[in-house]
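Student: Here's the letter readout for the chains.
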Amino acid sequence: MEAKLNGKAWKFGDDISTDLIAPGRLFHLRTNLPELAKHVLEDADPEFPKKVQKGDFVVAGSNFGLGSSREHAPTIIKLAGVNAVLAKSFARIFYRNGINVGLPLLICDTDRIDEGDELEVDMSAGIVKDLTKGIEITFSPLPDVMIKILNDGGLAAHIAKYGDFNLD
Amino acid sequence: MGKTIAEKIIGEHAGKEVSAGDIVIVSVDVTAVQDGTGPLAVQQLEKIGLVQAKNPKRTVLFIDHAAPSPNKDLSNAHNILRKFSKETGVVLSEVGEGVCHQRLVETYVNPGDILIGADSHTCTSGALGAFSTGMGSTDVAIGIALGKTWLRVPETFKINVTGKFNKGVYAKDLILYVIGEIGADGATYKALEFTGETIRNMTMSERFTLSNMAVEAGAKTGLIESDETTKAYLEEKGRGDKFRPISADGDAVYERVIEVDASELEPMISAPHTVDNTSTAKELAGTKVDQVFIGTCTNGRLDDLGIAAEILKGKHRHPDTRLIVTPASQDVYLQALKAGYIETFVKAGAAVMAPGCGACVGVHQGILADGEVCLATQNRNFKGRMGNTEGYIYLSSPATAAASAIAGKIVDPREVL
Ligand code: SF4
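Sequence lines, in order, name chains A and U. Heads up: take any position in the first sequence, counting from 1, add 1242, and you land on the working numbering. Number 397 in the working numbering belongs to position 404 of the second sequence; there are no gaps in the numbering.
Any given hint might turn out to be false.
Claimed, not checked - Straight line, CA to CA, 30 Å or less: simulated DSSO-like cross-link-like pairs of lysine-lysine: (1) A:Lys1390 to A:Lys1296; (2) A:Lys1246 to A:Lys1280; (3) A:Lys1320 to U:Lys151; (4) U:Lys9 to A:Lys1403; (5) U:Lys50 to A:Lys1403; (6) A:Lys1296 to A:Lys1320; (7) U:Lys47 to A:Lys1390; (8) U:Lys151 to U:Lys230; (9) U:Lys65 to A:Lys1280; (10) A:Lys1296 to U:Lys40; (11) U:Lys40 to A:Lys1390; (12) A:Lys1390 to A:Lys1403.
For the record, the hints were derived by calculation from the structure and aren't laboratory data.
Can you build the whole structure from these sequences, using the hints too?
Tutor: Right, here's the structure in full:
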């Protein structure tokens, strides 16, 4: 993965559920992920799928991704071109799924970031620079196992590479 | 140092002593996916050339979320699962057999097991003294193929419940109350252990209701020690030989202990759009209800249907309130037929659906119109959950749901009991 990621912030609130990211009413699109990705987060912000550009960031409050185990949720965020999700906290299953599909999820204080801010994320230094505001925010490092999975490009790629878990 | 239930079970499967915070690779006993998550799991395995199952007899693919299929895309998705089952010999649970979590406890999961399932309410099986947790499609796909996964050993919150329920108050009211106290993310990454005299006196069905909703507080699983009640349940299901006593050590270390006096509880409701948005039924009484839904992996078992049927017997739903009843499994359906509950529901004006998830996840069988209110016995009331972001979902026990279906508005069930 690139050490530095640059893009624009799209801001969401607390408790963004997987129902808001990849709604049940679009259940039939789950085997057509590029199509489902055209609806990513639209129940939280109907304009988002149109506005989001490759390389942007989703920035949210606490408990992002709560609810169902649908891996389709982080997958379509990634497919929409989002570089990483920044939130104060993530629901557990979503957190694991995000890393498994190769979507970086960063836990940090997102209060000072506003919609439209230009961000630069330094993955190895653990720093988010809000270039618009000229501030730096540190994020908690991922657990080692997750860094390994992420660096291999997700869990399926990790297993394909080693034929087994190779996390020690 | 003493161990929690989670530490004991994970340690056994990691082949070493573990404690909270450790990250380990464990063997898994049971793996499961459903029709919303399974096709992606299969596609992941196909992509990396690993179309295989380590333990086919205890790998189950459930067609329950959209069953019978409401459209051709989902019909094709179902066939991905059927094909994988034929290729690998894993078990397929077909249309009409029931909701995955109910089928798992009825037939597949035993005390001391590790179960990973691609569905967030996989925590339900924790009531059998099994470490059961929800994961995504890829995690479970790898679990199916290799028979293992990685886990971080969770810290545990002990929920100690004492006292007797008052009339009209049930396990569902208890768990809604607890989630209201902890908050929707209050137990993120943690295991819950439900214990105390009230839990020991509960039936398995009531215990499943508690464990089922652990994830609504963010928890990884909701564990209950296995005891004589667990043993009797397994015997009834024809696998008494699989019983093992599993309990925490007396000196286990808990991150937090929450005490609840069940005798102080009232019938509870979660109001839109979060499960921790709890009130008493009394406080919300009078809220007009367009649809009542009784069923799901939370409250679609025989005793739930029995409680609802008793209230609905000889009565009729309110003319402006639709009533949908969905037994959680074929087993439950058959027993409910024998007990006369289904006849009671039909005579009360209910639409009785085939066993499965039914209206719960917003795919079919009860999608709300704009501005409509549904009172449901399910576990989740997120915006958009029942297929429409303009719908409003309230959660309650089957008793509150049945009483409200008759009244056409939310009522405290103690008024009719
Ligand atoms: S009944 Fe509802 S909560 Fe339970 S598995 Fe089905 S969709 Fe999920």
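Student: Compare the structure with the hints numbered earlier in the document and write down the numbers of the violated ones, lowest to highest.
Tutor: 3
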